[in-house]
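Undergrad: The lines below spell out each chain.
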Amino acid sequence: MNPFDPFPPAASTMAPQVDHLFIALLAMCGLVAVTITVVIVVFVVRYRRGSRADRSNPPTGAFWLEVGWAGTPLAVFFVVFIWSTSIFSRFYRPPADSTQIYVMAKQWMWRIQHANGRREINQLHVPLGYPVKLIMSSQDVIHSFYVPAFRIKQDVLPGRFTYLWFQPTQLGRFTFACAQFCGIQHYAMGGQVIVMRPADYERWLAAGSEQPGLVARGAALFRQSGCSGCHEPGSSVHAPDLHALYGQPVHLADGSTVLADDNYLLDCMLEPANQRVLGYAPVMPSFKGQLTQDDLDALITFIKSGQAP
Amino acid sequence: MNAAVPADTPASGTPAVPAEVLHPRSYLHEGSTLRSWLTTLDHKRIALLYMISITLFFFIGGCAAGLIRLQLMTPNGQLVDDRTYTELFTAHGIIMVWFFLIPSIPATLGNFLLPLMIGAKEVAFPRLNLTSWYIYTVGGVIVVLTLLSGGVDTGWTFYTPLSTLFSNTRVILAATAVFVVGFSTILTGLNFIVTVHRLRAPGMTWFRLPLFVWAQYTTSAIMVLATPVLAMTLILMVFERITRIGIFDPSLGGDPLLFQHLFWFYSHPAVYIMVVPAMGVASEIIPCFARKSVFGYRAMAYAMIGIGVIGFLVWGHHMFVSGQSSFASDVFSILSFVVAVPSAIKVFNWTATLYKGSIELSAPMLYALGFVGLFMIGGLSGLFLAATALDVDLHATYFVIAHFHYIMVGGTVMAYLGGLHFWWPKIVGRMYPERWARIAAWLIFIGFNLTFYPQFLLGLAGMPRRYHHYAPQFQLLNELSSTGAGVLALGYLLPLVYLIWAMRRGARAPDNPWGATGLEWRTSSPPPKENFETIPRVTGGPYDYHPSGQRA
Chain A
1 MNPFDPFPPA ASTMAPQVDH LFIALLAMCG LVAVTITVVI VVFVVRYRRG SRADRSNPPT
61 GAFWLEVGWA GTPLAVFFVV FIWSTSIFSR FYRPPADSTQ IYVMAKQWMW RIQHANGRRE
121 INQLHVPLGY PVKLIMSSQD VIHSFYVPAF RIKQDVLPGR FTYLWFQPTQ LGRFTFACAQ
181 FCGIQHYAMG GQVIVMRPAD YERWLAAGSE QPGLVARGAA LFRQSGCSGC HEPGSSVHAP
241 DLHALYGQPV HLADGSTVLA DDNYLLDCML EPANQRVLGY APVMPSFKGQ LTQDDLDALI
301 TFIKSGQAP
Chain B
1 MNAAVPADTP ASGTPAVPAE VLHPRSYLHE GSTLRSWLTT LDHKRIALLY MISITLFFFI
61 GGCAAGLIRL QLMTPNGQLV DDRTYTELFT AHGIIMVWFF LIPSIPATLG NFLLPLMIGA
121 KEVAFPRLNL TSWYIYTVGG VIVVLTLLSG GVDTGWTFYT PLSTLFSNTR VILAATAVFV
181 VGFSTILTGL NFIVTVHRLR APGMTWFRLP LFVWAQYTTS AIMVLATPVL AMTLILMVFE
241 RITRIGIFDP SLGGDPLLFQ HLFWFYSHPA VYIMVVPAMG VASEIIPCFA RKSVFGYRAM
301 AYAMIGIGVI GFLVWGHHMF VSGQSSFASD VFSILSFVVA VPSAIKVFNW TATLYKGSIE
361 LSAPMLYALG FVGLFMIGGL SGLFLAATAL DVDLHATYFV IAHFHYIMVG GTVMAYLGGL
421 HFWWPKIVGR MYPERWARIA AWLIFIGFNL TFYPQFLLGL AGMPRRYHHY APQFQLLNEL
481 SSTGAGVLAL GYLLPLVYLI WAMRRGARAP DNPWGATGLE WRTSSPPPKE NFETIPRVTG
541 GPYDYHPSGQ RA
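Chains as they are written, first to last, in the working numbering: chain A, 1 to 309; chain B, 1 to 552.
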């Protein structure tokens, strides 16, 4: 790379929106900073001790001036806030047809798992022009997935999922880094997003998946781990139906209602006592320590696929 | 006429006590033994004890910063290994925040000046004041022990579960040091609040208080309200680390974001503990050297109170990408914009104070104007971080490092040094060498900008903070920054040398070398143990300056 141009390109649909806001705010702040500096310098020169400048009736305050220079910034800030918030809300609205990829962070590496089971370390292959949603969790401490060229960042937490989505607009390799201090080799926890043409991506994806896909693995685990013993339709145990569960509201015994998202499913498997579903006995055991994060990801993908019973 | 006259003279504008009147014995001559210093109850001597302590920690923290900048001269620097590097930036943060910045202006200049400025003989609780310093010293000894026994590798923020389950370093010892020093902060705050309420001289109404006193008062309230939350948070963290009972660690049933909420509930107001006193210093120096009453006195006082109150409601802007709800982020975003308004008001008012003034660019004024400029850049860069969509990109990069160093080093340290120069004649009774002081002010201003301006660009380029090695394209900016750090170090060493030199060799200071109006200039330099021979009576506002000639 050119040492005199360290700045990353704007390589996602989000990046230009963020950059426009940045440039507008920079122009505004630059104007204020230069104006104040010039005014201070002019005053210092003009009213230097001994100069002949007019000093009659020096003001010691002016109520409407105070109101004006409090109100004007407040109004401008409000506009910036609305602008920023409208962009920010898009970070939380991934398109429904996003390609879903699991990201698992641990000291000090990133493990990526694609829907068909293909895994990679510290590399993330994605198709150009398609939205990608990362479903991220950590095995140990808090990490943060940061792609400067896409202007996106999200902390990755242990014990729950966080999400990040983007839609790349340029082919090529883009650095990603861990942005949350996660221990002494924090700096070494990086990698590259590799944006490929969609056809190349499909070929790449198909080439490396000796492993079964996540749905197939989830289905197998569903039996091996004993989930099916209770959640099969013919079971003698009265357990919630998982078939069309994902994305639906669930009424809990404590009177609250939650949305059955990834975090809800994760909690149900790890801390079922906290998620008592209305009308069901709290008989589900915790699978904490029995299932790896990979297993959990596979089971959740299986339930999301609608193929669970 | 001047705002204050001795109570036994008619309020008709008698100037300072004539120089030929025999000066009472100065507080510095009330005993010279070590014992007399370590058992003193005089707020002025305690201020000097603090000054020596925090100067020591400033240079320890500064050495850590120097090593960090040397390591970052090259992308794959091998000066220190990654564990040492981590321990260095953790030590730098802990020492600079809790052992230098937070006590800096309040415990030294505040301790020295608060009773003088309100016309009191002492702070409300002199024994508590000395106790505060001893508690600080105990905390300081523990933090030094932490460093000597191997250091800490969590960063000054102690984020969980890294600090509770994934660190094998001296986390408990470091947390104990911070816990202990917090009590010194709380007690100083308590002492100042009671002092301002109970010990004002006759006629010293609330709106005749110098803005420095308003600043100390606001800061004290934040200290008393915020610091206990830090203490509780650290107890919970240590408790989880020892007992493995889940509070913050999700594998034990805890919530890691709870720690961040508690930590920033303290640590964001703590930013205002660090910078509001600096605003107070600038508000004394600028009117004096512009020979003009501060513009919009009441707006300035209300602005500080506004900062103190709203400052408690913005902590979540440290957590926009943490996983907190987007709604919470939106609320914290708008509140963070709102808290910038009082700061903007203050910058405008300092600028307007210069209008039609009679300005002398003496060393304290250079520092004070430097403070205004750098604080302005720091504040404006904060707007980028208050905007959620921009913070997503900039969070945890060098942009944030640059932003808060502009506030805390460009702001607070500049103002602290300006205040030291401004009041040095009062504190030690001797003048500092003006030429050297101006050279140092310029050196610090240039060195500071050279160090931290490139860090804004590094953040925009995408360099994350707390990186031991970095990508080669960041090298040029890092080299500039490290070079600036060298200039800055030189700039900081100069005042250390000449201010100490001035204590014995400087020209004798008159009672009021700057023609300033505060009550502290109505007594001798240095003041006697009891501050005033007669308690002054106050008949007017604090900034009775007149640009078009001598004082009336």
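Hints were generated in silico from the structure; no laboratory data involved. Some hints could be false.
Claimed, not checked - Label pairs and their computed distance ranges (CB to CB):
#	chain 1	residue 1	chain 2	residue 2	range
1	A	Arg119	B	Gly77	30 to 38 Å
2	A	Ser51	B	Ile235	39 to 47 Å
3	A	Gly226	B	Gly77	51 to 59 Å
4	A	Arg119	B	Leu313	42 to 50 Å
5	B	Arg504	A	Trp64	46 to 54 Å
6	B	Glu479	A	Asp200	36 to 44 Å
Claimed, not checked - With a Cα cut of at most 20 Å, we get these calculated EDC-like pairs of lysine to aspartate or glutamate:
#	chain 1	residue 1	chain 2	residue 2
7	A	Lys133	A	Glu120
8	A	Lys106	B	Asp82
9	A	Lys106	A	Asp254
10	A	Lys288	B	Asp255
What the hints assert, rightly or not - Chain B stretches covered by chain A per the calculated footprint, using a threshold of three residues with CB under 8 Å from any CB of chain A:
#	stretch
11	245-254
12	358-367
13	393-399
14	468-476
None of the values given here were measured: they were computed from a predicted structure. From the three backbone atoms N, C-alpha and C, an ideal C-beta is built for every residue, glycine too.
Undergrad: Would you mind confirming whether the straight-line C-alpha gap from Lys133 of chain A to Glu120 of chain A stays at or under 20 Å?
TA: At roughly 16 Å apart (the allowed maximum being 20 Å), Glu120 of chain A and Lys133 of chain A satisfy the hint.
Undergrad: Between Lys106 of chain A and Asp82 of chain B, is the straight-line Cα distance small enough, at 20 Å or below?
TA: 18 Å, holds
Undergrad: CA of Lys106 of chain A to CA of Asp254 of chain A, is that 20 Å or under?
TA: 35 Å, violated
Undergrad: How does the stretch 358-367 of chain B fare against chain A when you require at least three residues with a CB closer than 8 Å, holds or violated?
TA: holds (count 4)
Undergrad: Starting from the hint 39 to 47 Å, judge whether the C-beta atoms of Ser51 of chain A and Ile235 of chain B obey it.
TA: 59 Å, violated
Undergrad: Determine whether the Cβ-Cβ distance between Glu479 of chain B and Asp200 of chain A falls within the hinted range of 36 to 44 Å.
TA: With a Cβ separation near 39 Å, Glu479 of chain B and Asp200 of chain A satisfy 36 to 44 Å, so the hint holds.
Undergrad: Taking only the CA atoms, is the gap from Lys288 of chain A to Asp255 of chain B under or equal to 20 Å?
TA: 16 Å, holds
Undergrad: Given the hint of 30 to 38 Å, is the C-beta distance from Arg119 of chain A to Gly77 of chain B inside that range or not?
TA: The hint (30 to 38 Å, Cβ to Cβ) holds, given that Arg119 of chain A and Gly77 of chain B are roughly 33 Å apart.
Undergrad: Look at the Cβ atoms of Gly226 of chain A and Gly77 of chain B and judge whether their distance stays inside 51 to 59 Å.
TA: 53 Å, holds
Undergrad: Taking beta carbons only, do three or more residues of the stretch 468-476 of chain B come closer than 8 Å to chain A?
TA: holds (count 9)
Undergrad: Quick check: the stretch 393-399 of chain B, covered by chain A? Criterion 3+ residues, Cβ under 8 Å.
TA: holds (count 4)
Undergrad: Can the suggested window of 46 to 54 Å be confirmed for the beta-carbon pair Arg504 of chain B and Trp64 of chain A?
TA: 53 Å, holds
Comparing the model with each numbered hint stated earlier shows that hints 2 and 9 do not hold.
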